[in-house]
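Please take these sequences and the hints and turn them into a complete structure.
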Amino acid sequence: MNSQPVLKVENLRTHFKLSKPHPFAEAPIVYALDGVSFEIKRGKTFGLVGESGCGKSTTALSVLRLVEPTSGSVKLKGTDICQLTRKELRHSRRFMQIIFQDPYSSMNPRTTAGEIIRSPLKILKIGTPQEQNDRVEELIKLVGLRPEQRNLYPHQFSGGQRQRICVARALAPNPDFIVCDEPVSALDVAIQAQILNLLMRLQREFSLTYLFISHDMAVIQHVCDHIAVMYLGKIVEKTNRRSLFLNVKHPYTKALLSAVPTTDIKTKRSSAPLKGDVPSPMNPPSGCRFHTRCHLAEACCFEEDPRLREILPDHWVACHLA
Amino acid sequence: MRQEPLLQVKGLCVEFATRKGNVQVLNHLDLHLDPGEALGIVGESGCGKSMMALSIMRLIPAPPGNISAGQILLNNSDLLQLNEKQMQDVRGNEISMIFQEPMTSLNPVFSIGMQVSENIRRHQSATRAVAREKTIQMLKAVGIPVPELRIKQYPHELSGGMRQRVMIAMALSCQPSVLIADEPTTALDVTIQAQIFDLLKQIQQDMNTSIILITHDMSVIAEFADRVAVMYAGSKVEEGLVRDIIDNPHHPYTQGLIRCVPFLKKDPGTEREELNEIPGVVPDMRLIGSECSFAPRCRYVMDHCHEKKPPEVQIGKKHHAFCWYLEEGK
Ligand SMILES: Nc1ncnc2c1ncn2[C@@H]1O[C@H](COP(=O)(O)OP(=O)(O)OP(=O)(O)O)[C@@H](O)[C@H]1O
Ligand SMILES: Nc1ncnc2c1ncn2[C@@H]1O[C@H](COP(=O)(O)OP(=O)(O)OP(=O)(O)O)[C@@H](O)[C@H]1O
Ligand code: SF4
Ligand SMILES: [Mg+2]
Ligand SMILES: [Mg+2]
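For the protein sequence lines, the chains are A and B, in the order given. Using the working numbering, you'd call the opening residue of the first sequence number 1 and step up by one each time. Using the working numbering, you'd call the opening residue of the second sequence number 1 and step up by one each time.
No wet-lab data here; the hints were simulated from the structure. Treat the hints with care, as some may be off.
[Unchecked claim] In silico BS3-like cross-links for lysine-lysine, where the CA-CA straight-line distance does not exceed 30 Å:
| no. | chain 1 | residue 1 | chain 2 | residue 2 |
| --- | --- | --- | --- | --- |
| 1 | B | Lys308 | B | Lys330 |
| 2 | B | Lys266 | A | Lys41 |
| 3 | B | Lys265 | A | Lys254 |
| 4 | A | Lys275 | B | Lys152 |
| 5 | A | Lys249 | A | Lys8 |
| 6 | A | Lys254 | B | Lys201 |
| 7 | B | Lys318 | B | Lys308 |
Put into structure tokens, the structure is as follows:
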């Protein structure tokens, strides 16, 4: 019965039109997200990983329609978010929330922690003031803060505690689905472990579904059930956590994995696996977008864009040579 | 034969005056750096890593900061005794630093070529043309393609990785014997990070530069450093060869730090596991007195941990830690 995914994203594209450099020029377009599909089952975590600028946050924001996708569909429990009117969208916000990288910038510095956590309940008009109050108290404890801390202001908390407040705020309306966009990237390793454990504990307790974004492969490996690797607005490899690391196929994923420093002497890498920078998404390379940095690239890679193909059960790769 | 260390930090104390009283940000810190060695400094945010680096460079903002005790010996002469003019010669020529934020330490209104060659001219009496040649050569050495064109570009026109390379070129342009790199790759992708570390390793070998690498990432230390010092709340808690610290950490904080990080596995299995946590948060530096600063979070804590600074316990030839629990267990 649970086989219907909570979130199903199909062929999602988000292009940003920049302003024209002069009146007769064509407006440059950033192909930030260029045809991405995935689905997430209830209670599972789907990870997006890739270098800076590959379109992870754009995916997150487009899925919640915090930026307008150019085309494609996003179905949350069967309803296509992209077709909703503003009012309907507002209603469905209750089921989907987001946690950002930098908790401080997503909070009003002049409101108390309690008010911050309560804000989605107020905006969405959920419960009486007394009920909202009880809910805030419950949430504060749930995320490991002390009840009296609800009256403190954001600057009176540490970075880790602020992220706890954001987690509580996201949980307030009792959502099914939470987007976590680099939720631990700004935190120290010790605090990172606390927040990751908290997110996983809450997920088990409330069957939450996560879209989890990080540039840190080790974190992704640790928390995700399914993982997609992105490069320049596209998914290049998509599979379950085990298969991704055991049967890694795409040359980009391989390079990304071997760039991760390890404490294991046996797997020490010899030299940097990838040369050069990521090309600009305004002018993506022809054919396979990775061909400019790929050491395997052949003639076909320059011309034809490889499609995602299922080359092992539940293991999808976009590479001509895989 | 025992080598003389190139750089020695002895009993370094640094205080900051704040509205709520003095904060001791470094507490009797001892470190040494051998010629050609890469020393890693690891610890959580706020533990004093940058303060240690800035003290060696004599760049602690004073006031409110103040080096209240200790010595910093470079080839046995104390940098803390030099005047500002003499210190300027040391900076750049003997010791250089790459800062945490390349964007804030490059000047946005000058081209990068201008900034690197100015730096060369300031420290070496070179003509404009010679400095320009040297700049191009340095930019090429740090892997910037077509440096002849790049020297005309401004910092904002470069990617983060390129900017960090420019910073490295600038820091190395006068061939210092010590390079301090303060989180040189924190803002960069792992793929670019790998390129930068390759570059630093190559420099270490080719120019026999000694490097102090500051980071909060133990796996970066494992890949890059020979020896590592672990810091907590302004003090060194453990020091040793990288393999000793990673395979056989002794201090409860080091153990916690290593166990709480998710490390990439070849086969992660299908089930997810919880990470080990160090409970609690780093202490307020103002409240640290004469106890072990890790005591409130330590699972081995004993009575005298709260009363007296822990002693140095020798674990191996180059491996020691500061801890009462280890002292008892000897
Ligand atoms: N509002 C916008 N207008 C124009 N371009 C944008 C906009 N938002 C994002 N972009 C561009 O789209 C691309 C993808 O950006 P995005 O923020 O999704 O990357 P990301 O993978 O989240 O990167 P990071 O790891 O740095 O957060 C980038 O090239 C970015 O510059
Ligand atoms: N101007 C100042 N006044 C008072 N305290 C200060 C001042 N500057 C720094 N500190 C304190 O000094 C301590 C050490 O800071 P430092 O920048 O060395 O930490 P760090 O280990 O480099 O951290 P990070 O990993 O975040 O860079 C911190 O607790 C900080 O709060
Ligand atoms: S399709 Fe070609 S260029 Fe793209 S990743 Fe595969 S081998 Fe490399
Ligand atoms: Mg992002
Ligand atoms: Mg620092």
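Structure-based check of all given hints:
The suggested pairing of Lys308/B with Lys330/B holds, with an alpha-carbon distance near 18 Å, which does not exceed 30 Å. Distance hint between Lys266/B and Lys41/A is fulfilled; the C-alpha atoms sit about 25 Å from each other, no more than 30 Å. Under the criterion of a C-alpha separation no larger than 30 Å, the hint pairing Lys265/B with Lys254/A is consistent with the structure, at around 14 Å. At roughly 23 Å between alpha-carbon atoms, Lys275/A and Lys152/B fall within 30 Å of each other, so this suggested pair holds.
Between Lys249/A and Lys8/A the CA atoms are separated by roughly 24 Å; this keeps the pair inside 30 Å, and the hint holds. For the proposed pair Lys254/A and Lys201/B, the alpha carbon gap of about 23 Å is at most 30 Å, so the pair holds. Pair hint Lys318/B plus Lys308/B holds up; C-alpha atoms about 25 Å apart against a cutoff of 30 Å.
When each numbered hint is compared with the structure, no violation occurs for any of them.
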